[in-house]
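**Q** Single-letter residue listing:
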Amino acid sequence: MTNDHPIRAEEFELFALGVFPTEESASILAHVDSCPECARKLAEARGRVALLALAAPEKNPPAVVKQRLLEKVRAGESAYVAPVRIRETRPPVRWWNTIWAPAALALAVATVFLWISDRGLERQLHEIQRATQTYQKETQHAQALVSVLAAQDTVTVKLDATPAIPKAWGYVKFNPRMGMMCYTADLPEPPPDKVYQMWAVPMTGNPVSAGVFMPSALHNGHMPMAKVPTGMDCKWFCVTVEPKGGKPAPTGPKVLVGTL
Amino acid sequence: MSRAQGAEQQNDSDWSLLERIVRKDELALAALYDRYSGLVFAEATRILRDSGAAEEVLQDLFYQVWRTAEKFDPARGSLPGWLLVAARNRSISRLRRRSSRDDEELTENSVVLPCTLETTAAQNQLLGRVKTVLSSMPDGQREAIELAYFEGMTHSEIAEHLGAPLGTVKTRIRSAVEILKQALA
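First to last, the protein sequences are chains A and B. Note that the first sequence ends on residue 675 in our numbering; no numbers are left out. Note that the second sequence ends on residue 170 in our numbering; no numbers are left out.
Treat the hints as calculated values from the structure; they're not laboratory data. Since this is a predicted model, take the numbers as computed values, not measurements. Wrong hints could be hidden among the right ones.
[Said to hold, decoys possible] What the simulated footprint calls covered on chain B by chain A, stretch by stretch (three residues with Cβ under 8 Å from a Cβ of chain A suffice, anywhere in the stretch; the number is not a length): (1) 39 to 47; (2) 137 to 150; (3) 157 to 166.
[Unchecked claim] With a cut-off of at most 25 Å between alpha-carbon atoms, the simulated SDA-like pairs for lysine to any residue come out as follows: (4) B:Lys56 / A:Ala454; (5) A:Lys474 / B:Gly137; (6) A:Lys474 / B:Asn109; (7) A:Lys481 / B:Ser36; (8) A:Lys487 / B:Ser1; (9) B:Lys116 / A:Gly433; (10) A:Lys474 / B:Ser78; (11) A:Lys573 / A:Val656; (12) A:Lys487 / B:Asp35; (13) A:Lys474 / B:Arg81; (14) A:Lys487 / B:Asp(-1); (15) A:Lys474 / B:Leu12.
Beta carbons are placed, not taken as given, at the ideal position from N, Cα and C, and that holds for glycine.
Make the full structure from the sequences, and use the hints.
**A** In structure tokens form, the structure reads like this:
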């Protein structure tokens, strides 16, 4: 070290090697910037020290590095292809992360809404299916009723009152070819736990049940229909009072009777 | 590129290649890369002990040459010297997780090599000389100077690392540098 230079000639290699403390290096660098002679000596010392790099084990880079470099050169900085390397750093916070949580929340709310809506629609669908089935049954009933009423070989049998209910009346439409019959009656409400039951009585054999009914079910022109054996040789029809659910054979009092 | 073109580019001087790089000649950059990438990559890998990181240093350095070739003044130093010094600085900065100046200009850190490295033969010859010189040093000297160069350690850090007196470390490094200077003169 001289009065003019903060570093001795034999120390330039040591400085280039970087073994001096940081503070000392800073003052030397500041001097070198303004001293051409020291700058030249430092450049030469750097060159000698740099040759230590040749002591590293020989190793050639993979061909892909050159390929990436040339691709980067061709594409320009705007399409910079960074070397592929696994880093042990936390993933960067992306801008879309800030909208991800609200978007997920909105999606969850929409899912719940759609689920509720779907449940409502499912309930409506069931109601529509039930209504459709009812409509189909009524349609089939109406078609069968019309076919019986319109058939030329359908006969009408008037039902007369008995002393049990003197003011009662009714009639039966019967078609033995079709094995179908329908009927209506004007009767008071039966006693509690009782229903009316229609019977078709053949010339021979036991009476055949044509179903149970309540007078309220005959309002608005509704006519119950019943299937009886085809070609049945019916002698007469009667309505009896039976326990709820009906009986396989008449047990109660007759309230209406009609002869074919 | 034909074999004739390749041979021609092998004979081109660094300065000639640099002039063509200034004119955005990709073949010149490829030739310069072929000439020095092995040295730079070996150095960076030795310092970082990580091939992937060394590849990044290598690619970044040559891309900087491509972008700022016009700023390089051959009168102030040699290009391979700058490549070796810059590769070392950047690798040590990464190793120590220091902020590095990857944008340092080619005009900074002028480096004058005592010999040429433009040909493979010259590189091989010099490589042999450096390894011979280092292997001839006592273990303590060689270890100290390698810690300084490849680990970027200061006198104090080397002394602490080796558990040796600071004065001893300074002497070992000074002696190693003198041997190197004389061998490469």
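**Q** State for each hint whether it applies.
**A** Now the hints, each set against the structure:
{"no.": "1", "hint": "39 to 47", "verdict": "holds (count 6)"}
{"no.": "2", "hint": "137 to 150", "verdict": "holds (count 6)"}
{"no.": "3", "hint": "157 to 166", "verdict": "holds (count 6)"}
{"no.": "4", "hint": "B:Lys56 / A:Ala454", "verdict": "holds (18 Å)"}
{"no.": "5", "hint": "A:Lys474 / B:Gly137", "verdict": "holds (21 Å)"}
{"no.": "6", "hint": "A:Lys474 / B:Asn109", "verdict": "holds (13 Å)"}
{"no.": "7", "hint": "A:Lys481 / B:Ser36", "verdict": "holds (14 Å)"}
{"no.": "8", "hint": "A:Lys487 / B:Ser1", "verdict": "holds (23 Å)"}
{"no.": "9", "hint": "B:Lys116 / A:Gly433", "verdict": "holds (21 Å)"}
{"no.": "10", "hint": "A:Lys474 / B:Ser78", "verdict": "holds (21 Å)"}
{"no.": "11", "hint": "A:Lys573 / A:Val656", "verdict": "holds (18 Å)"}
{"no.": "12", "hint": "A:Lys487 / B:Asp35", "verdict": "holds (22 Å)"}
{"no.": "13", "hint": "A:Lys474 / B:Arg81", "verdict": "holds (23 Å)"}
{"no.": "14", "hint": "A:Lys487 / B:Asp(-1)", "verdict": "holds (22 Å)"}
{"no.": "15", "hint": "A:Lys474 / B:Leu12", "verdict": "holds (23 Å)"}
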